[in-house]
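Start from the sequences, fold in the hints, and give me the full structure.
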Amino acid sequence: MKSLLIAALLAASTAPALAGDHRYGPFPAHYVEECASCHVAYPPQLLTAPGWQRVMTQLDRHYGIDASLDAKRRATIADYLQHAASRKDKHAPTEATARMTNTPWFIREHWPTPPAKTPFANCTACHTAADKGDYSESSLKLPAGFRHKERD
Amino acid sequence: MKFRILSGLALLALGGAASATTPAEFQATLGGGFSASRGETFYRNTHGGDCSCATCHTDNPAAGGNHAVTKKAIKPLAPAANAERFTSPEKIEKWFKRNCNDVLKRACTPQEKGDFLAFLLTIK
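Protein chains in written order, with this note's numbering: chain B, 1092 to 1243; chain D, 43 to 166.
Possibly wrong hints are sitting among the right ones.
What the hints assert, rightly or not - No more than 30 Å apart at the CA atoms, straight line, and that leaves these computed lysine-lysine pairs for DSSO-like:
#1 B:K1223 with D:K133
#2 D:K113 with B:K1163
#3 B:K1223 with D:K139
#4 B:K1232 with D:K139
#5 D:K113 with D:K147
#6 B:K1223 with D:K113
#7 B:K1163 with D:K136
#8 B:K1163 with D:K117
#9 D:K147 with B:K1163
#10 B:K1232 with D:K114
#11 D:K113 with D:K139
#12 D:K166 with D:K133
#13 B:K1179 with B:K1163
#14 B:K1179 with B:K1223
#15 D:K139 with B:K1163
#16 B:K1163 with B:K1232
#17 B:K1223 with D:K147
#18 B:K1163 with D:K114
#19 D:K114 with D:K133
#20 D:K114 with D:K147
#21 D:K117 with D:K139
Calculated directly from the structure, the hints in this document are not laboratory data.
Set out below in structure tokens:
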């Protein structure tokens, strides 16, 4: 019983996200607790370490909102993000606030932009299982009039 | 093994109790002489800015709301409608700090927090 439990826990915590399947979760409880109150837990794998560093050093002015944390929690989450971050240039920040939605990868994937009434911060509007870190095609529900074009 | 799990749960419960509070207990730490009507005015006021507490928490604090930017669901704020509210001192301080900065561009005073609680506690 005990060994089964351990095996299940190991499988759950180390199951690698397969490249291209757009499934990034599950995320650690401390990350969900602090970073998924106002929006879904954004996948750490979609921004580079320098990008996350920029986000975490300006939490008191987080895209117009005060998202400040106490020093201990901030350090724990910053450390997690540094380790889980992307190492790919396409996920690098392009401006001072390091919005994930301004990375080359995001812009390419979400071109052309959906209607303005659906803010990009609201992933679940189209990625219906985004709250679980699942951005796969099977859970994608595109807004009316928006056609997704696969581009290289 | 069963005993170990049970004792672990007991420890967790004790640990939780050590830092838990109730809305009324928390309010008492802020002082006294609070007014629900002042709290309601405070709740609905935009304080010279773009938004009020009601912008995200809705006109009725017993109802669920949505985040103004991300549209993520926000659970009811009134303790009568959501028993988890105002039961963790850490969370209370974290959210007062953030939301007071967002709405008032400054920290809230103990008087304002106490009035705010007084208003929320009148909601059944």
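Here's how the hints hold up against the structure:
1. Restraint check for K1223 (chain B) and K133 (chain D): satisfied, since their Cα atoms lie roughly 23 Å apart, inside the 30 Å limit.
2. For the suggested pair K113 (chain D) and K1163 (chain B), the alpha carbons sit about 29 Å apart, so the restraint of at most 30 Å is met.
3. This hinted pair checks out: K1223 (chain B) and K139 (chain D) have alpha carbons roughly 28 Å apart, not beyond 30 Å.
4. For the suggested pair K1232 (chain B) and K139 (chain D), the alpha carbons sit about 37 Å apart, so the restraint of at most 30 Å is broken.
5. Note on K113 (chain D) and K147 (chain D): the hinted pairing holds, with a Cα-Cα distance of about 22 Å set against a maximum of 30 Å.
6. Distance hint between K1223 (chain B) and K113 (chain D) is fulfilled; the C-alpha atoms sit about 17 Å from each other, no more than 30 Å.
7. For the given pair, K1163 (chain B) sits about 13 Å from K136 (chain D) by alpha-carbon distance, which is consistent with the 30 Å threshold.
8. A distance of roughly 26 Å separates the Cα atoms of K1163 (chain B) and K117 (chain D); the hinted pair therefore holds under the 30 Å criterion.
9. Only pairs whose Cα atoms come within 30 Å are accepted, and K147 (chain D) paired with K1163 (chain B) is accepted, the gap being roughly 24 Å.
10. At roughly 17 Å between alpha-carbon atoms, K1232 (chain B) and K114 (chain D) fall within 30 Å of each other, so this suggested pair holds.
11. Straight-line distance between C-alpha atoms of K113 (chain D) and K139 (chain D) comes to about 21 Å, which keeps the hinted pair within the 30 Å bound.
12. Between K166 (chain D) and K133 (chain D) the alpha-carbon distance is near 22 Å, which keeps this suggested pair within the 30 Å criterion.
13. Using a Cα cut-off of 30 Å, the hinted pair K1179 (chain B) and K1163 (chain B) holds, with the two alpha carbons roughly 29 Å apart.
14. Restraint check for K1179 (chain B) and K1223 (chain B): satisfied, since their Cα atoms lie roughly 23 Å apart, inside the 30 Å limit.
15. The suggested pairing of K139 (chain D) with K1163 (chain B) holds, with an alpha-carbon distance near 16 Å, which does not exceed 30 Å.
16. Taking the CA atoms of K1163 (chain B) and K1232 (chain B), the gap is about 38 Å. The hint is violated against a cut of 30 Å.
17. A C-alpha spacing of about 34 Å is found between K1223 (chain B) and K147 (chain D), which places the hinted pair above 30 Å, so the restraint is violated.
18. Between K1163 (chain B) and K114 (chain D), the direct Cα distance comes to roughly 26 Å. Compliance with the 30 Å bound is thereby established for this hinted pair.
19. A C-alpha spacing of about 19 Å is found between K114 (chain D) and K133 (chain D), which places the hinted pair at or below 30 Å, so the restraint holds.
20. Straight-line distance between C-alpha atoms of K114 (chain D) and K147 (chain D) comes to about 23 Å, which keeps the hinted pair within the 30 Å bound.
21. Pair hint K117 (chain D) plus K139 (chain D) holds up; C-alpha atoms about 19 Å apart against a cutoff of 30 Å.
Figure legend: structure checked against the earlier numbered hints; hints not met, in rising order: 4, 16, 17.
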